[in-house]
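Note that the protein sequences, when read in sequence, are chains A and B.
One rule links them: number in our numbering = place in the first sequence (from 1) + 96.
One rule links them: number in our numbering = place in the second sequence (from 1) + 96.
Just so you know, not all the hints are guaranteed correct.
The list makes no distinction among identical chains, and a pair is therefore deemed to hold if it is satisfied within one copy or across any two copies.
Stated by the list, open to error - Cut-off 25 angstroms, straight-line C-alpha distance, at most; resulting in silico cross-link-like pairs (SDA-like, lysine to any residue): (1) LYS169 with ASP202; (2) LYS169 with GLU122; (3) LYS169 with ALA104; (4) LYS169 with THR103; (5) LYS169 with PRO111; (6) LYS169 with ALA106; (7) LYS148 with HIS197; (8) LYS169 with THR124; (9) LYS177 with THR103.
The set of hints was computed from the structure by calculation and includes no laboratory data.
Remember, it's a predicted structure, so these values are computed and weren't measured experimentally.
2 protein chains.
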Amino acid sequence: MPSTAGTAPAIKVLPTPSGLPEPLPEPTVEELRLETVLGALSDPLRLTIVRKLLLESEQFDHSCGWFGFDRPKSSLTHHFKALREAGVTRQRQYGLERRSHVRVDDLNACFPGLLDLVAAWAPEA
Amino acid sequence: MPSTAGTAPAIKVLPTPSGLPEPLPEPTVEELRLETVLGALSDPLRLTIVRKLLLESEQFDHSCGWFGFDRPKSSLTHHFKALREAGVTRQRQYGLERRSHVRVDDLNACFPGLLDLVAAWAPEA
Numbered sequence: 097m098p099s100t101a102g103t104a105p106a107i108k109v110l111p112t113p114s115g116l117p118e119p120l121p122e123p124t125v126e127e128l129r130l131e132t133v134l135g136a137l138s139d140p141l142r143l144t145i146v147r148k149l150l151l152e153s154e155q156f157d158h159s160c161g162w163f164g165f166d167r168p169k170s171s172l173t174h175h176f177k178a179l180r181e182a183g184v185t186r187q188r189q190y191g192l193e194r195r196s197h198v199r200v201d202d203l204n205a206c207f208p209g210l211l212d213l214v215a216a217w218a219p220e221a
Numbered sequence: 097m098p099s100t101a102g103t104a105p106a107i108k109v110l111p112t113p114s115g116l117p118e119p120l121p122e123p124t125v126e127e128l129r130l131e132t133v134l135g136a137l138s139d140p141l142r143l144t145i146v147r148k149l150l151l152e153s154e155q156f157d158h159s160c161g162w163f164g165f166d167r168p169k170s171s172l173t174h175h176f177k178a179l180r181e182a183g184v185t186r187q188r189q190y191g192l193e194r195r196s197h198v199r200v201d202d203l204n205a206c207f208p209g210l211l212d213l214v215a216a217w218a219p220e221a
């Protein structure tokens, strides 16, 4: 079967807690570019990150440890930064830890349907 | 304004003529992968190619000369091949010339809404 045929699973949006740290630098909604967002999503690990955040988030944002990837931390840091700099995720610094969540409203406003494709994606068998 | 906000322009699908040459090698529908397709589309020139084919096609498929790009032919050949190998376009050899069209039905079946994002895209001002 094609990787994203069928109905997309439901995207969870958790309420924004109060008192969050400021977001790290990111593009504004007006600066979001389709080519840049697609480039950030053109990687199975980054699709996995975004999909898991969309479908399985247990809190507002998550640090890279939550994902349970068996990868060097430096590599993961790079991927999380690439997603933030493309405008796919928002990152905040909590002490020594950075946590990410997906900019669902911004992406739905600019690129309707794109996150449904990510939610429906599955890694190659 | 974000690059793809608003309503997507209508995608034109021209009827398939009879007696076409065989398509060049390409992934089957079952082999289409979201990460690969997004990678192929994460480039302004390739988005321009696909968008122009979707919205302005005057015949079933078009050679690279039709686009009027001021780029070396070798660079264009590379981009058209990348689109075909990702499964975004289908290419056929007509004598010395290759012509491309977008695999609209296949992409809509696998990645609903993706081509509307391409159609709504505009190059950076």
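Tested hints:
no., hint, result
1, LYS169 with ASP202, "neither (28 angstroms within a copy, 38 angstroms between copies)"
2, LYS169 with GLU122, "within (21 angstroms within a copy, 36 angstroms between copies)"
3, LYS169 with ALA104, "neither (30 angstroms within a copy, 40 angstroms between copies)"
4, LYS169 with THR103, "neither (34 angstroms within a copy, 41 angstroms between copies)"
5, LYS169 with PRO111, "neither (28 angstroms within a copy, 52 angstroms between copies)"
6, LYS169 with ALA106, "neither (29 angstroms within a copy, 45 angstroms between copies)"
7, LYS148 with HIS197, "within (10 angstroms within a copy, 34 angstroms between copies)"
8, LYS169 with THR124, "neither (27 angstroms within a copy, 36 angstroms between copies)"
9, LYS177 with THR103, "neither (30 angstroms within a copy, 31 angstroms between copies)"
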